[in-house]
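Novice: Heads up: the sequence shown at position 275 corresponds to 281 in my numbering, and the numbers run straight through without jumps.
Check each hint, because a few of them may be wrong.
What the hints assert, rightly or not - In silico EDC-like pairs for lysine to aspartate or glutamate, Cα to Cα no more than 16 Å straight-line: (1) Lys222 / Asp194; (2) Lys222 / Asp200; (3) Lys245 / Asp213; (4) Lys95 / Asp132; (5) Lys78 / Asp302; (6) Lys253 / Glu270; (7) Lys244 / Asp213.
The set of hints was computed from the structure by calculation and includes no laboratory data.
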Amino acid sequence: MKKTLLLFLFPFFSFAQNGVVKSVMLDSVMITAVKDGFSVEEFIHYVKTDTTFYQGFKNLRYYNHDYHSDLKVLKKSGEVLGSLFRSGKYVITNEQLIVHIDSTFDDGRIFNRKGEYRHYTPKFFDKIFFPEDTIGVTKFARNGEKGIEDENKQNEEDAKTIVFSIGSGDVDAGNSKNKKKLAVFDIDMQQYYDYLISQEIFQDSIDCYSFTVRMKEGLEKKDEEQVLIRELVSYFDKKTFNVMYRKYIMSYRYWFIDLDVSVEVYMDYADTELVPSYIHYNGFWDIPFAKPEHADFKLWNYNFKL
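Please build the complete structure, drawing on both the sequences and the hints.
Specialist: In structure tokens form, the structure reads like this:
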């Protein structure tokens with residue numbers, strides 16, 4: 007996405023409360039907006055408490071639509087080990103969702119002789135986007151009813167928390183130290199990050215506020231080891247404050263752990279409903295007691311019928 011404004015950055019100090027971001031950089035347009043009444047503190051609070059992004063993903067299960075996906079399992083060098091292409095439909099009838107796979111093609115080392123996946127990453131995305139079983143869906147939560155997300159394994163819950171709750175340390179990351187690395191707004195983590203508010207035009211059509219959290223340049227190695235999320239970018243529609251775009255870049259190398267993951271999500275409107283139109287994941291991870299994995303996954307959602 008091309009930049010639409012030349013950034014003239016300067017530190018903006020306005021917060022005295024503990025746990026609130028104390029220094030935010032603004033572009034020249036946002037400086038004018040602040041003079042006209044734009045509240046940086048209220049905006050960051052909204053960023054931290056946003057639910058529109060999560061609701062957009064839930065809408066995938068509420069509305070009929072078409073999809074196609076492209077998954078590649080790679081060597082760390084980038085050479086393709088195997089690929090899997092799919093296309094189909096999400097069909098919802100009487101509050102029941104069935105994900106139809108109309109066509110599929112695989113090549114290389116995706117499945118073993120038993121027809122099972124050789125790697126974990128394809129299994130994970132199947133559970134999230136291509137469930138085999140019929141799923142009950144409703145836009146209205148019922149008291150005492152257990153949501154679908156409650157039945158997922160902890161690692162799937164953690165992935166959702168990281169993606170949908172900006173800066174949350176509320177994950178089962180093994181210990182409190184690792185949880186803290188995810189809490190990008192925590193007072194102790196602010197020394198490692200720059201925070202920037204600017205303006206962008208999303209897809210050449212939607213005026214947005216852009217919020218970026220980025221690891222500071224020139225950190226010493228010992229300080230870089232404290233940073234798991236290297237960059238986090240969100241675009242908010244100025245009219246609705248819906249999240250239109252989000253990007254995560256995560257990198258971590260410490261002892262026997264090697265992790266590099268990037269996630270990009272483009273949102274769109276199906277009539278007035280927010281939905282993820284394009285999702286791109288590229289991730290490599292090498293952790294103890296598991297085989298290293300590098301995978302690239304793309305998903306397109308379109309032709310929504312409300």
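Novice: Could you run down the list of hints and mark each one as holding or not?
Specialist: Status of the hints after comparison with the structure:
1. Taking the CA atoms of Lys222 and Asp194, the gap is about 14 Å. The hint holds against a cut of 16 Å.
2. For the hint linking Lys222 to Asp200, the alpha-carbon distance of about 6 Å falls within 16 Å, and the restraint holds.
3. Restraint check for Lys245 and Asp213: the C-alpha separation of about 8 Å stays at or below 16 Å, so the hint holds.
4. Taken as a hint, the Lys95 and Asp132 pair is honoured in the structure, with Cα atoms around 14 Å apart against an allowance of 16 Å.
5. For the hint linking Lys78 to Asp302, the alpha-carbon distance of about 5 Å falls within 16 Å, and the restraint holds.
6. For a cut-off of 16 Å, the pair hint linking Lys253 to Glu270 stands: about 4 Å separates their Cα positions.
7. Distance restraint check for Lys244 and Asp213: the Cα-Cα separation of roughly 6 Å lies within the 16 Å cut-off, and the hinted pair is therefore satisfied.
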